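Kindly generate the complete structure, drawing on both the sequences and the hints.
So the sequences go chain by chain: P and H.
The opening position of the first sequence corresponds to residue 1 in the numbering used here, with each subsequent residue numbered one higher.
The opening position of the second sequence corresponds to residue 1001 in the numbering used here, with each subsequent residue numbered one higher.
Just so you know, the hints here were simulated from the structure itself, not pulled from any lab data.
Since the model is a prediction, treat every value here as computed from it, not as a measurement.
Heads up, a few of these hints could be off.
Computed list of lysine to any residue pairs in SDA-like fashion (alpha-carbon distance at most 25 Å, straight line) [what the hints assert, rightly or not]:
#, chain 1, residue 1, chain 2, residue 2
1, H, Lys1384, P, Pro7
2, H, Lys1384, P, Ala32
3, H, Lys1384, P, Leu52
4, H, Lys1046, H, His1485
5, H, Lys1088, H, Leu1109
6, H, Lys1384, P, Ala55
7, H, Lys1384, P, Leu56
8, H, Lys1103, P, Arg37
9, H, Lys1384, P, Phe34
10, H, Lys1384, P, Leu19
11, H, Lys1384, P, Asn35
12, H, Lys1046, H, Thr1361
13, H, Lys1103, H, Ser1411
14, H, Lys1384, P, Asn33
15, H, Lys1103, P, Phe34
16, H, Lys1103, P, Ala59
17, H, Lys1096, H, His1485
18, H, Lys1384, P, Leu3
19, H, Lys1103, P, Asn35
20, H, Lys1384, P, Asn60
21, H, Lys1384, P, Ala57
22, H, Lys1064, H, Lys1217
23, H, Lys1384, P, Glu30
24, H, Lys1384, P, Leu42
25, H, Lys1103, P, Leu52
26, H, Lys1384, P, Ala53
27, H, Lys1384, P, Ala28
28, H, Lys1103, P, Leu56
29, H, Lys1384, P, Leu5
30, H, Lys1384, P, Arg37
31, H, Lys1096, P, Arg37
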Amino acid sequence: MALMLDPNITDPDGFYDELLAAHDGLSAAESANFNARLILILANHIGDREVLAAALAAAND
Amino acid sequence: MVDMRYSTEFTLYPYTKQAAPSDRQPVVIIGAGPIGLALALDLGQKGTPVLVLDDHEGPGQGSKAICFSKRTLDIAHRLGAAAPMVDKGVVWQVGKVFHGQDKLFEFNLLPEEGHRNPAFINLQQPLFEKYLHDAVVAAQSGGAPIKIRGRNRVTAITDQGAFVTLDVQTPDGSYQLEADYLVACDGARSPSRDMLGLSFDGRVFEDNFLIADVRMKADFPTERWFWFQPPFEGAGQSALLHKQPDDIWRIDFQLGWEIDRAHELDPARIRARVDAMLSSQTGTIPDYELAWTSIYTFQCRRMQDFRAGRVFFAGDAAHQVSPFGARGANSGLQDAENLAWRLDLVCKGIAAPDLLDHYCTEREFAADENILNSSRATDFMTPKTDVSRQFRDAVLHLAERHAFARPFVNSGRLSVPCIYDGFTGFGPDALNGPAVTRPGAACQDAPVADGFLLDHVRAGFNLLVLGDGVAEPVTAAGVTAHIAHIPTPTPALAARYLGDHRRAVYLIRPDQHVIARWSDFDANSIANALRATIRQEAAHGADA
Ligand SMILES: Cc1cc2nc3c(=O)[nH]c(=O)nc-3n(C[C@H](O)[C@H](O)[C@H](O)COP(=O)(O)OP(=O)(O)OC[C@H]3O[C@@H](n4cnc5c(N)ncnc54)[C@H](O)[C@@H]3O)c2cc1C
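What follows is the structure, encoded as structure tokens:
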């Protein structure tokens, strides 16, 4: 499977809202910790090492 | 004069005044630590004369290593030294990992049945060395040509091209010695390395670990307990509790980088830490005494090349890892057995010296694997940046609730032998067999009708024949592979060596790594594979 870089989330505005809302009331440090947990959870869900490697590369681009 | 750099636990090889040996020695080993002793024992049992020089008279006081792996015990078993180790050692296989007060998870190392030796034992390093030395003494009385000289310090090494000259200092003055081959097993600070001007590069981990071996009667279970962010005062970033024989418990505290060593080694201060740990676990402070304490920093590094002309490096002299994963002595023992059979064949004139080069290729690869594992564990335990700490803490946080995060938790990946996949001198793999016993792997033990498989694998090269059919020794390039025939394999043996097959033939090196395997006995192909191993060429197993 290749890394999905085309739109794939229905209701992007709604998700974006939810993502920001999850950080409401968190300090910068708490947000950083939250993000780290989220990344690990999502990465595990994806699982595929090639997709993960492609995502790391895309994020660094 | 040979001053003592440390005090010794036992006197095993007391100094005796001796004339310098006038004959050139085939093999001289510097250092009678675990690696030098194992190498000497292996060579001597094969009949190759070996002289060991150590500047002390026995193992140093206090235990560095405590965890010895199954592979180490299998090697020690082949050398006749394992029985007292397993008898005395504390067998453990359950580990628990805590984060603060909470248990994150536990693991069991060897759910698999049918191995003579346990996954790990805990044993004080001086005892491990004593048992190896006992086996040396037993081998000597059986005629094995092994000599050990205590308080003989090597002070200079000169490579003469065709041989090596050593300057040796003793309490009665100095002498010189010539050797065909020299093996430096002189530890992490290896003076030999310095004498030859060789470097030892790698990473220092900016952290200090306080080790307290505590003698007490306590009924903690025989398990490895590891805490991240321990809930008891003064424990630092992490702590470890692990049982050794004789009611000794190893306790480790990760103190960080900026510390005052002398202050932290103050027994009263150490006792305060130990008290806090014990009382948090038991509610009281049991009676205990501090048997041994020390502060370590750790490094991961290796020599670029494990060979310099006629000088080989093995054990800590060649590579150093952090102890998380118990990969120091355990991997050094694998160096020793990898080098022993090669030196034996070369010294006897059976194999060309090229055979020795592949000690380096194989063991440098193994060292990289160990360093990688050890560095990753250390990076997890001692996060170097804010973001690495955030991910580390995220893993610990998630691991409590979710199984997926537990495999990320790294307090050391315990030593397993490395597999020489794709190296010269292995193959063919002409059996669609289980991956665990593929060419390059160390033989797995398995139950057989009268005990264990590894008892049937004798010294030297072996042909392990499983199931009915032809089983005859094969000779090539001056060596003969002995037959170990198991006509009716047990189910566990079949699962590890046969897979779906009813028959299999395995060619096995003297260090019990699988060279090649076939579904049938083909004397020609076996001879080719044997020749390829000894001459270190690609196997012509085209018939595979
Ligand atoms: C805290 C700690 C915990 C550890 N835990 C484990 C563990 O659980 N499991 C594990 O496998 N490993 C562990 N290790 C690593 C293990 O202790 C080493 O890997 C092991 O001691 C290496 O053995 P060696 O024979 O290569 O060297 P050493 O044991 O260092 O022996 C070298 C010998 O050479 C001698 N020598 C030095 N210079 C000269 C000279 N010029 N002339 C003559 N002789 C000389 C020395 O006196 C010494 O006897 C641990 C290490 C530490 C520090």
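Status of the hints after comparison with the structure:
1. Lys1384(H) / Pro7(P): violated (36 Å)
2. Lys1384(H) / Ala32(P): holds (16 Å)
3. Lys1384(H) / Leu52(P): Holds - the C-alpha atoms of Leu52(P) and Lys1384(H) are around 23 Å apart, at most 25 Å.
4. Lys1046(H) / His1485(H): Holds: Lys1046(H) and His1485(H) sit about 23 Å apart, inside 25 Å.
5. Lys1088(H) / Leu1109(H): holds (20 Å)
6. Lys1384(H) / Ala55(P): Status holds; Cα separation ~24 Å.
7. Lys1384(H) / Leu56(P): Distance ~20 Å between Lys1384(H) and Leu56(P) Cα, so the pair holds.
8. Lys1103(H) / Arg37(P): The given pair, whose Cα atoms are some 19 Å apart, holds under the 25 Å limit.
9. Lys1384(H) / Phe34(P): It holds: about 19 Å lies between the C-alpha atoms, which stays within 25 Å.
10. Lys1384(H) / Leu19(P): violated (28 Å)
11. Lys1384(H) / Asn35(P): holds (19 Å)
12. Lys1046(H) / Thr1361(H): holds (23 Å)
13. Lys1103(H) / Ser1411(H): Given pair Lys1103(H), Ser1411(H) holds - Cα atoms ~14 Å apart, limit 25 Å.
14. Lys1384(H) / Asn33(P): Distance of about 16 Å is within 25 Å: holds.
15. Lys1103(H) / Phe34(P): holds (22 Å)
16. Lys1103(H) / Ala59(P): violated (35 Å)
17. Lys1096(H) / His1485(H): At roughly 41 Å apart (the allowed maximum being 25 Å), His1485(H) and Lys1096(H) break the hint.
18. Lys1384(H) / Leu3(P): violated (30 Å)
19. Lys1103(H) / Asn35(P): holds (24 Å)
20. Lys1384(H) / Asn60(P): Roughly 21 Å separates the two Cα atoms, so the pair holds.
21. Lys1384(H) / Ala57(P): holds (22 Å)
22. Lys1064(H) / Lys1217(H): OK: Lys1064(H) and Lys1217(H) at ~22 Å, within 25 Å.
23. Lys1384(H) / Glu30(P): holds (19 Å)
24. Lys1384(H) / Leu42(P): Answer holds: Lys1384(H) to Leu42(P) is near 24 Å, not above 25 Å.
25. Lys1103(H) / Leu52(P): The given pair, whose Cα atoms are some 30 Å apart, is violated under the 25 Å limit.
26. Lys1384(H) / Ala53(P): holds (22 Å)
27. Lys1384(H) / Ala28(P): holds (19 Å)
28. Lys1103(H) / Leu56(P): violated (32 Å)
29. Lys1384(H) / Leu5(P): Judged against 25 Å, a Cα distance of about 32 Å means the pair is violated.
30. Lys1384(H) / Arg37(P): Holds - the C-alpha atoms of Arg37(P) and Lys1384(H) are around 18 Å apart, at most 25 Å.
31. Lys1096(H) / Arg37(P): holds (23 Å)
In terms of the numbered hints stated before, the structure departs from hints 1, 10, 16, 17, 18, 25, 28, 29, listed from lowest to highest.
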